[in-house]
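Heads up: the sequence lines are chains A and B, in that order. Its first residue numbered 64, the first sequence is counted upward by one per residue in our numbering. Its first residue numbered 11, the second sequence is counted upward by one per residue in our numbering.
Incorrect hints may appear among the rest.
[What the hints assert, rightly or not] Which chain A residues face chain B? A few, computed with CB under 8 angstroms, are given here:
| no. | residue |
| --- | --- |
| 1 | Leu96 |
| 2 | Gly172 |
| 3 | Arg175 |
| 4 | Leu179 |
| 5 | Leu182 |
| 6 | Ser254 |
| 7 | Gly305 |
Treat the hints as calculated values from the structure; they're not laboratory data. Every residue gets a Cβ at the ideal spot worked out from N, C-alpha and C, and that includes glycine.
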Amino acid sequence: MSTTTPGTVTPGTTTPASTTAPSGRRTPAALTLLRLELRRVLRDPVTLFFTVALPAFLFLIFGTSEDYAGDDIGNGNVGMAIMIAMAGYGAVSATVSIGASSAVERSQGWGRQLGLTPLRDRTYVLVKASLSVLVALAPLTLVYLLGAVAGASGDASAWLLSYVVLACGATAFALYGLCFGLAFRSEAAVSGASGSVVVLSFLGNIFFPLSGGLLAFAKLTPLYGYVALARYPLTEGWVVTGDDSLVHDPLWLPITNVAVWTLVLAVAATLLVRRGRGRQ
Amino acid sequence: MTSTLPPSTAPASYDVGRRAHHHDVPAVRLDALRRTFPGAAGGAEVVAVDHVDLEIGTGEIIALLGPNGAGKTTTLDVVLGLVPPSSGTARVLGRAPREAVDAGLVSAVLQTGGLLADLTVRETLEYVAATYRRLPTGSASVADVLERTGLTALAGRRVSTCSGGEQQRLRFALALLPDPSLLVLDEPTAAMDVAARREFWATMHDETARGRTVVFATHYLEEADAFADRIVLMAGGRVVADGSTAEVRARATGRVVSASVTDPSAAVAAADRLRALLPSAVADVEVQGARLRVCSAAPDAVARALLVDLGAHDLEVVSGSLDEAFLLLTEEHR
């Protein structure tokens, strides 16, 4: 109320719907919401620690301490391929948990509360998507920094492109978390979603190299395409299998995988949102 | 039960607070509102609001009273643009509900409105304030609203550590942020103890003195009686009574006249005869053996008819409790 003379109009005695004092520049709503949402994430240090530290730890175990890490592959070494995989696991864990908790908190009444405000769904989605990318960057960047000092090597373009693919692709997995949250609407959905990411990571050829029939099946699972695409600038499609041979994935395979899964998740999320409208 | 206060006669009867605003655009106008929900597992659809016509003038304080399942929350959800009507129309301050919400003209304290446990009280207000483009500087309004709802001392507290009453005050503070013309409260005191309830209504009194229109749902008749100028009684998705609190109260607190007839087998016939004698005074007759229990807003006439015309004895007249009367009014509509 900086524009009213003190003593003439006390706050609140203005007639309803007349509070239109000019304000100069205001922070856009989305930025204020993003700041508050980030603060919420930082307030949960345990989850944040595991989100950031677990992929880093896994990289140090699998990506640096074994003899094969220094072996050449494509435009770099195996250590870098493992680094990309672990960073991808970390980034996806982060976005999945944010997607799931967003859906759960909305279904538990916060959605109705926001329904009473002029906030648009698209602004809300933009805020949560930005938040998930920002949070995903934490494990991603840490693992890349560790990789740089712990022996991962590759072309500059492989470093840059894989980082960008991981950061952007992780956003699609916020949809995966969102579907879990929308379908189950309880805190258990968040841990269920995170747990399933571990399973999908095994199938995504992330934790150790698969082979044979399991590898053939793995190529249909969502995390496989995501990590294979991120690794492509490094490996040019060559994959080390569990029985120490090399197989080749053409570029269309990870691209199709990512595109199809993103579409499936987007359609599922839309249908679940539609189901959840009305009385909650 | 013949209603002495039919729902649709309302406009003639409650005008003390209304006439002054008669020419204004009504705060709320519902025409033939109906809202159904799909039944669980392919069952028959559930009719939450059957047929509601309602006009609320600006500046009125209205209690929407009714038992659980009466359709109060759904009616309010339509007014707030949270669910669209299945048929009929809803206008809020002359606009579609969603437009009114966007313009900050209407806000609400919802029964099921959730809060984020890991934000502080002030951050929660900042979050919601940011969604309104119209608010002056955010922080100034937030500080102001904190002050008015007595939350200033709690501003830095996490929502998770606030008591139920404190959280409800926060929801109320959120509703005040846009400085709304119409404030909707859905069972605002349901989770509060007596002290918190009293404090809440004291704050509400200050806020309504500012000329807002207030619509609150409750199933406490006392609360409606103490706070509203008009009561709209809902049951089974319809408005079953609508009038000034004094009228609805008078109607709701009719007396119960009971007396025995000599021959138990003639009791039912006696009840029918009483209904025929005093069609407008007899709200309800219950027969228990030889005893008739008559609910009536005109107990003297009923007593006379029972003793003189029906030769009954052992006459007793008691006041029906508010709750009893409330049940009586809503029972047949379940």
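Hint-by-hint comparison with the structure:
Annotation: interface hint on Leu96 of chain A holds; nearest CB of chain B at approximately 6 angstroms, less than 8 angstroms. Proximity of Gly172 of chain A to chain B holds as hinted, the smallest CB-CB distance being about 2 angstroms (cut-off 8 angstroms). Hint status for Arg175 of chain A: holds, given a least beta-carbon distance of 5 angstroms to chain B, under 8 angstroms. Because the closest C-beta pair between Leu179 of chain A and chain B is about 5 angstroms apart, less than 8 angstroms, the hint holds.
A hinted interface residue such as Leu182 of chain A counts as satisfied when its beta carbon comes closer than 8 angstroms to some beta carbon of chain B; here the least separation is about 4 angstroms, so the hint holds. The restraint placing Ser254 of chain A at the interface with chain B is violated, with a minimum CB-CB distance near 17 angstroms, outside the 8 angstroms limit. Residue-level restraint check for Gly305 of chain A is violated (minimum Cβ-Cβ distance to chain B is 42 angstroms; threshold 8 angstroms).
Checked against the numbered hints above, the structure breaks hints 6, 7 and satisfies the rest.
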